[in-house]
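Visitor: As they're listed, the protein sequences go chains A and B. If you read the first sequence in the working numbering, its first letter stands for residue 1, the second for the next number, and so on. If you read the second sequence in the working numbering, its first letter stands for residue 1, the second for the next number, and so on.
Each hint should be verified, as a subset may be incorrect.
Quick list of the computed label-pair ranges, beta carbon to beta carbon [what the hints assert, rightly or not]: (1) A:Glu-623 x B:Asp-63: 47 to 57 Å; (2) A:Gln-602 x B:Asp-63: 34 to 44 Å; (3) A:Pro-763 x B:Ala-14: 45 to 55 Å.
What the simulated footprint calls covered on chain A by chain B, stretch by stretch (three residues with Cβ under 8 Å from a Cβ of chain B suffice, anywhere in the stretch; the number is not a length) [stated by the list, open to error]: (4) 247–255; (5) 729–738; (6) 869–880.
Don't read these hints as lab results, they were simulated from the structure. Glycine included, each C-beta is placed from N, C-alpha and C at the ideal position.
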Amino acid sequence: MSGPYRLDGGALDRSRRLAFRFDGRRLTGHSGDTLASALLANGIRLVGRSFKYHRPRGIFTAGSEEPSALVELRSGAYREPNTRATVAELFDGLEAASQNHLGSLRHDLLAVNDLLAPFLSAGFYYKTFMWPKSFWERVYEPAIRASAGLGRLSGEPDPDRYDKGFLHCDLLIIGAGPAGLAAALAAGRSGARTILADEDFVMGGRLNAETHEVDGGCGTTWAADAVRELASMEKVRLMPRTTVIGAFDHGIFGALERCTDHLAAAAGKPRQILWRVYTKRAILCAGATERPIAFGGNDRPGVMLAGAVRTYATRFAVGAGQRVGLFTNNDDGWRTAVDLAAKGVRVAAVIDVRDRAPVAAVPDARVRMNSQVTATRGRHGLNGIVLATGERIALDCLAVSGGWNPNVHLTCHQGGRPVWREAIAAFVPGGRLPGGMAVAGAAAGAFTTAAALAGGHRAAIAALGEFGRPPAGGDPPVASDEASDVTAFWHVRDSRGRAWLDLQNDVTVKDVAQSHREGFRSVELLKRYTTLGMATDQGKTANVLALAIVAGQSGRTIAETGTTVFRPPYTPVPIAALAGRARGRDFRPIRLTPSHHWAERQGAVFVEAGMWLRAQWFPRPGESHWRQSVDREVLQTRGSVGICDVTTLGKIDIQGRDAAEFLNRIYANGFARLAVGKVRYGLMLREDGIAYDDGTTARLGDHHFVMTTTTANAVLVFRNMEFARQCLWPGLDVHLISVTEQWAQYAVAGPNSRRLLEKLVDPEYDISNAAFPFMACGEIRVCGGTPARLFRISFSGELAYEIAVAARYGEALMEALMAVGEEFDAVAYGTEALGVMRIEKGHAAGNELNGQTTARMLGMQRMVSKKKDCIGNILSERPAMNREDGLELMGFTPLDRTEELTAGAHLLAPGASAETANDEGWITSVAYSPALGSSVGLGFIKDGHARVGETVRAWDALQGKDVPVEIVSPHFYDPDGERLRV
Amino acid sequence: MIIDHPLLGPRDAAEFVYLGDARLIDRPDWQGENAARLFHDYLHVRDNPAGEHRELWFHEHGDRSWLVVTRNTLTHEIIRVELARDVALSLGRGR
Numbered sequence: 001m002s003g004p005y006r007l008d009g010g011a012l013d014r015s016r017r018l019a020f021r022f023d024g025r026r027l028t029g030h031s032g033d034t035l036a037s038a039l040l041a042n043g044i045r046l047v048g049r050s051f052k053y054h055r056p057r058g059i060f061t062a063g064s065e066e067p068s069a070l071v072e073l074r075s076g077a078y079r080e081p082n083t084r085a086t087v088a089e090l091f092d093g094l095e096a097a098s099q100n101h102l103g104s105l106r107h108d109l110l111a112v113n114d115l116l117a118p119f120l121s122a123g124f125y126y127k128t129f130m131w132p133k134s135f136w137e138r139v140y141e142p143a144i145r146a147s148a149g150l151g152r153l154s155g156e157p158d159p160d161r162y163d164k165g166f167l168h169c170d171l172l173i174i175g176a177g178p179a180g181l182a183a184a185l186a187a188g189r190s191g192a193r194t195i196l197a198d199e200d201f202v203m204g205g206r207l208n209a210e211t212h213e214v215d216g217g218c219g220t221t222w223a224a225d226a227v228r229e230l231a232s233m234e235k236v237r238l239m240p241r242t243t244v245i246g247a248f249d250h251g252i253f254g255a256l257e258r259c260t261d262h263l264a265a266a267a268g269k270p271r272q273i274l275w276r277v278y279t280k281r282a283i284l285c286a287g288a289t290e291r292p293i294a295f296g297g298n299d300r301p302g303v304m305l306a307g308a309v310r311t312y313a314t315r316f317a318v319g320a321g322q323r324v325g326l327f328t329n330n331d332d333g334w335r336t337a338v339d340l341a342a343k344g345v346r347v348a349a350v351i352d353v354r355d356r357a358p359v360a361a362v363p364d365a366r367v368r369m370n371s372q373v374t375a376t377r378g379r380h381g382l383n384g385i386v387l388a389t390g391e392r393i394a395l396d397c398l399a400v401s402g403g404w405n406p407n408v409h410l411t412c413h414q415g416g417r418p419v420w421r422e423a424i425a426a427f428v429p430g431g432r433l434p435g436g437m438a439v440a441g442a443a444a445g446a447f448t449t450a451a452a453l454a455g456g457h458r459a460a461i462a463a464l465g466e467f468g469r470p471p472a473g474g475d476p477p478v479a480s481d482e483a484s485d486v487t488a489f490w491h492v493r494d495s496r497g498r499a500w501l502d503l504q505n506d507v508t509v510k511d512v513a514q515s516h517r518e519g520f521r522s523v524e525l526l527k528r529y530t531t532l533g534m535a536t537d538q539g540k541t542a543n544v545l546a547l548a549i550v551a552g553q554s555g556r557t558i559a560e561t562g563t564t565v566f567r568p569p570y571t572p573v574p575i576a577a578l579a580g581r582a583r584g585r586d587f588r589p590i591r592l593t594p595s596h597h598w599a600e601r602q603g604a605v606f607v608e609a610g611m612w613l614r615a616q617w618f619p620r621p622g623e624s625h626w627r628q629s630v631d632r633e634v635l636q637t638r639g640s641v642g643i644c645d646v647t648t649l650g651k652i653d654i655q656g657r658d659a660a661e662f663l664n665r666i667y668a669n670g671f672a673r674l675a676v677g678k679v680r681y682g683l684m685l686r687e688d689g690i691a692y693d694d695g696t697t698a699r700l701g702d703h704h705f706v707m708t709t710t711t712a713n714a715v716l717v718f719r720n721m722e723f724a725r726q727c728l729w730p731g732l733d734v735h736l737i738s739v740t741e742q743w744a745q746y747a748v749a750g751p752n753s754r755r756l757l758e759k760l761v762d763p764e765y766d767i768s769n770a771a772f773p774f775m776a777c778g779e780i781r782v783c784g785g786t787p788a789r790l791f792r793i794s795f796s797g798e799l800a801y802e803i804a805v806a807a808r809y810g811e812a813l814m815e816a817l818m819a820v821g822e823e824f825d826a827v828a829y830g831t832e833a834l835g836v837m838r839i840e841k842g843h844a845a846g847n848e849l850n851g852q853t854t855a856r857m858l859g860m861q862r863m864v865s866k867k868k869d870c871i872g873n874i875l876s877e878r879p880a881m882n883r884e885d886g887l888e889l890m891g892f893t894p895l896d897r898t899e900e901l902t903a904g905a906h907l908l909a910p911g912a913s914a915e916t917a918n919d920e921g922w923i924t925s926v927a928y929s930p931a932l933g934s935s936v937g938l939g940f941i942k943d944g945h946a947r948v949g950e951t952v953r954a955w956d957a958l959q960g961k962d963v964p965v966e967i968v969s970p971h972f973y974d975p976d977g978e979r980l981r982v
Numbered sequence: 001m002i003i004d005h006p007l008l009g010p011r012d013a014a015e016f017v018y019l020g021d022a023r024l025i026d027r028p029d030w031q032g033e034n035a036a037r038l039f040h041d042y043l044h045v046r047d048n049p050a051g052e053h054r055e056l057w058f059h060e061h062g063d064r065s066w067l068v069v070t071r072n073t074l075t076h077e078i079i080r081v082e083l084a085r086d087v088a089l090s091l092g093r094g095r
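Please model the complete structure; the sequences and the hints are all you need to start from.
Guide: Okay, here's the thing in structure tokens:
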């Protein structure tokens with residue numbers, strides 16, 4: 001395309017015309033444009049509204065530091081708010097929209113905020129919304145929420161895919177400008193594994209935006225040649241469109257690669273990849289960011305950074321205006337006037353605050369040295385400026401340069417603190433840099449092309465030397481040192497109208513001054529009080545300017561004032577990229593038991609237990625409520641036989657000559673004298689004496705045990721046992737291994753369980769009550785030779801067994817158990833029925849072991865051996881944990897048998913008011929007991945055993961219940977355990 | 001973070017679980033005088049040094065070694081990594 005703003009030259013592919021829309025208007029650009037350059041080429045200057053005052057805002061920069069030109073891209077579920085137009089690559093069909101306005105962009109109704117500005121100064125919300133207090137929830141917060149934020153989220157799930165990846169290299173080079181390219185060439189030629197990452201889609205940095213020469217030729221061409229050479233090197237990985245977002249410990253970096261953001265459709269590829277990069281050394285070549293000067297009305301669309309105006313002209317072939325002015329305090333700014341004039345753009349004025357001779361000849365421009373801009377004119381865009389002398393100059397673009405700030409951000413991520421360098425009037429990296437990081441080029445304050453090229457080369461050679469790789473490939477490229485003299489100048493004191501610092505958060509010089517007056521003087525407080533630097537751009541163009549203003553207010557130097565430091569990420573990272581593939585069902589791994597698919601075929605309803613999916617119950621046709629299924633499973637198990645998958649219990653294999661002694665110290669109760677072929681219940685304490693896990697351990701041989709833990713604590717118990725083995729008693733001969741996933745295990749419970757098992761256990765194994773009594777265990781064979789382990793243990797209170805086979809036989813065993821069980825009307829039961837039966841039996845489980853439970857509370861104080869060392873026994877003796885009137889695990893039944901108990905209800909004496917002082921305990925677990933025909937509960941109550949038969953109230957404010965209950969034994973069902981032993 | 005495992009070489013910290021102060025190795029004698037006080041201090045009393053700190057890490061997603069890592073809490077620099085078992089033995093712990 002051509003037009004009044006499109007120039008000749010530039011790095012565009014003019015053969016490719018790209019159609020796009022902005023606020024519904026059809027526009028065109030070229031391949032190589034950003035959305036910002038294409039908008040400017042179409043003469044569009046007003047692109048958005050500011051956050052607080054809804055001021056008209058335009059394009060301010062040409063890079064990722066952009067504070068103003070935030071837009072929404074794409075539509076529907078793909079809509080993405082707050083995208084910087086300056087880094088959005090143009091593609092055919094791109095839909096973009098301005099944001100943060102009510103009504104049209106030109107006639108934003110919320111621009112009324114700007115008229116209220118005198119009432120909305122720094123900290124206004126801290127002062128304004130204080131009273132009346134009741135207004136906060138009903139009036140203020142809803143109103144603030146309605147006007148908060150910039151763009152709108154789609155409100156739909158993100159349809160794109162995101163990924164994560166890991167990279168390893170000798171040398172990571174961050175930024176592919178002159179310093180980065182010189183470093184990469186030196187590293188690549190030496191054969192080092194090198195990654196060169198740059199946030200731009202074309203590598204070369206400022207070389208693409210300037211008219212500098214390198215090695216006697218065009219700098220842009222040199223950059224393209226360098227990239228081509230690097231691309232041909234096997235050990236060099238070029239990563240354009242990749243922002244290194246953070247420097248972490250020990251040479252690890254985070255990087256976000258935008259893979260398909262520049263395409264109309266992702267076509268199945270991940271849209272973005274979050275990389276974790278492991279490096280031996282890194283060189284930060286992140287360049288520098290230009291800063292503005294604060295003066296009256298400096299936020300008007302058309303006021304831009306001088307380097308950006310130059311970038312648009314040179315790289316994107318766009319004149320940012322037709323009558324351009326320059327306002328500068330440094331030599332570099334003059335390059336904008338010179339380069340634009342050479343491109344044929346009318347440069348109408350050059351205003352330099354310095355009292356010196358003009359730096360260059362700019363034909364036809366009014367050159368004003370020792371002069372300042374005090375105000376701007378224009379409504380939706382700039383149409384003129386006013387100088388301190390009163391002189392008015394008509395302009396549609398004012399290029400402003402206040403000097404350059406090295407991009408020190410990543411040097412701060414491990415605690416580095418930038419230091420002020422007076423010669424360049426800027427902060428340079430200081431303090432402790434992230435391990436292995438060097439800084440080169442403009443990021444280190446070396447602002448000329450020659451210095452950048454040499455610095456990058458030198459840094460790479462030094463890094464290679466540190467891991468013993470000799471340099472190869474000759475001399476660094478050469479260039480000349482451009483004039484870059486700067487005189488610090490921050491703020492036009494005689495400004496008329498507001499002088500803006502932070503364009504995105506609408507922070508003015510006056511706000512900073514007011515903050516200082518009100519006592520918010522440290523830069524950290526100032527930042528939070530005024531919100532300066534807290535927008536999506538994190539104040540990349542604003543912070544140093546504001547620091548200078550603060551310094552001026554307090555009469556200190558900038559060096560004394562200091563700076564805020566930077567945290568990751570360097571630029572915003574979508575939450576979706578941080579999540580990667582861990583969304584929805586893939587949020588975390590899912591563990592399935594070997595017979596999971598069998599249970600699925602039975603129509604089981606599953607519940608998450610840790611990472612496991614466990615069958616919760618097995619609905620049958622005609623059952624419309626889960627209670628019907630669960631009651632049936634309980635009754636059938638208690639009446640005949642039921643089978644439950646208990647594979648998820650943790651299993652730990654323990655072997656060694658000292659295995660028994662080791663277990664004796666792990667469990668509170670004794671295990672040293674457990675006979676071979678027997679199982680014992682064990683209670684584990686934490687070292688502070690609190691009970692934390694329980695289970696059974698079987699002795700398969702003199703030096704061989706197998707332990708079960710609860711599903712939830714399997715990992716923790718194993719970790720603690722390894723700690724005890726390696727750190728506490730390293731002299732014991734004992735070894736541990738987790739075998740949870742190696743064995744599939746099933747509970748077979750109910751009066752017919754033995755008869756059922758006898759049909760599967762190979763005939764040479766006698767499992768009669770005499771030969772294989774309660775708490776027996778043994779290694780057997782089933783189904784004609786398949787090795788198995790059989791444990792006669794019971795969680796249900798019935799005659800019961802647990803049988804384990806190698807995981808690969810789990811599903812087959814489940815099917816075999818159900819097949820031979822048909823004649824007994826065997827039922828598969830899930831975790832709900834399991835829970836009902838353990839509550840009926842008064843067994844403690846996770847609800848009871850809540851991190852406050854002592855052995856005494858569980859009625860197990862006599863199990864804690866005083867005659868041996870074990871984890872937790874000393875501190876379990878603390879008096880407060882052993883009070884006679886302490887909490888005790890009891891059963892509770894409602895006086896009205898039709899009432900339902902609720903877990904979490906607190907126990908109060910009849911007539912006592914519901915307050916903490918009257919709290920006597922609480923209900924931990926409840927179930928409907930088909931055996932008792934009523935709701936039953938377990939819970940802790942003070943001095944419970946002495947109070948059996950007493951009536952208390954189960955008071956539950958959440959459920960609105962207040963149920964009279966009787967204190968009973970926690971063993972509701974078969975309290976003497978006769979059914980276990982038959 | 002990267003922990004240079006004495007047996008396995010450099011491993012990402014994500015493979016490890018952190019426990020805390022390495023003095024947890026030095027568990028008091030349960031039959032000693034004043035055992036309750038000693039266990040209380042063992043369990044609850046910690047230094048919080050700004051600088052070098054010896055701490056326990058468990059290679060849970062690895063070889064299940066407990067390690068004693070000497071780390072600078074200000075800089076995260078890792079100065080030394082030892083097998084906790086060796087440390088325990090050197091402290092005289094045995095059976």
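Visitor: Do three or more residues from the segment 869–880 of chain A put their C-beta atoms closer than 8 Å to C-beta atoms of chain B?
Guide: holds (count 6)
Visitor: Residue count check for the segment 247–255 of chain A against chain B: does it reach three with CB-CB under 8 Å?
Guide: This one holds; 5 residues, not fewer than the three required, reach chain B with a Cβ under 8 Å.
Visitor: How does the Cβ-Cβ distance of Pro-763 (chain A) and Ala-14 (chain B) compare with 45 to 55 Å: does it lie in that range?
Guide: Given a distance of about 52 Å, which is inside 45 to 55 Å, the answer is holds.
Visitor: Given the hint of 47 to 57 Å, check if Glu-623 (chain A) and Asp-63 (chain B) actually sit that far apart at their C-beta atoms.
Guide: 49 Å, holds
Visitor: Please verify the coverage claim for the segment 729–738 of chain A: does it have three or more residues whose C-beta sits within 8 Å of some C-beta in chain B?
Guide: holds (count 4)
Visitor: Check the following: the C-beta atoms of Gln-602 (chain A) and Asp-63 (chain B) are separated by a distance inside 34 to 44 Å.
Guide: The hint (34 to 44 Å, Cβ to Cβ) holds, given that Gln-602 (chain A) and Asp-63 (chain B) are roughly 40 Å apart.
In summary, the structure agrees with every hint in the numbered list given earlier.
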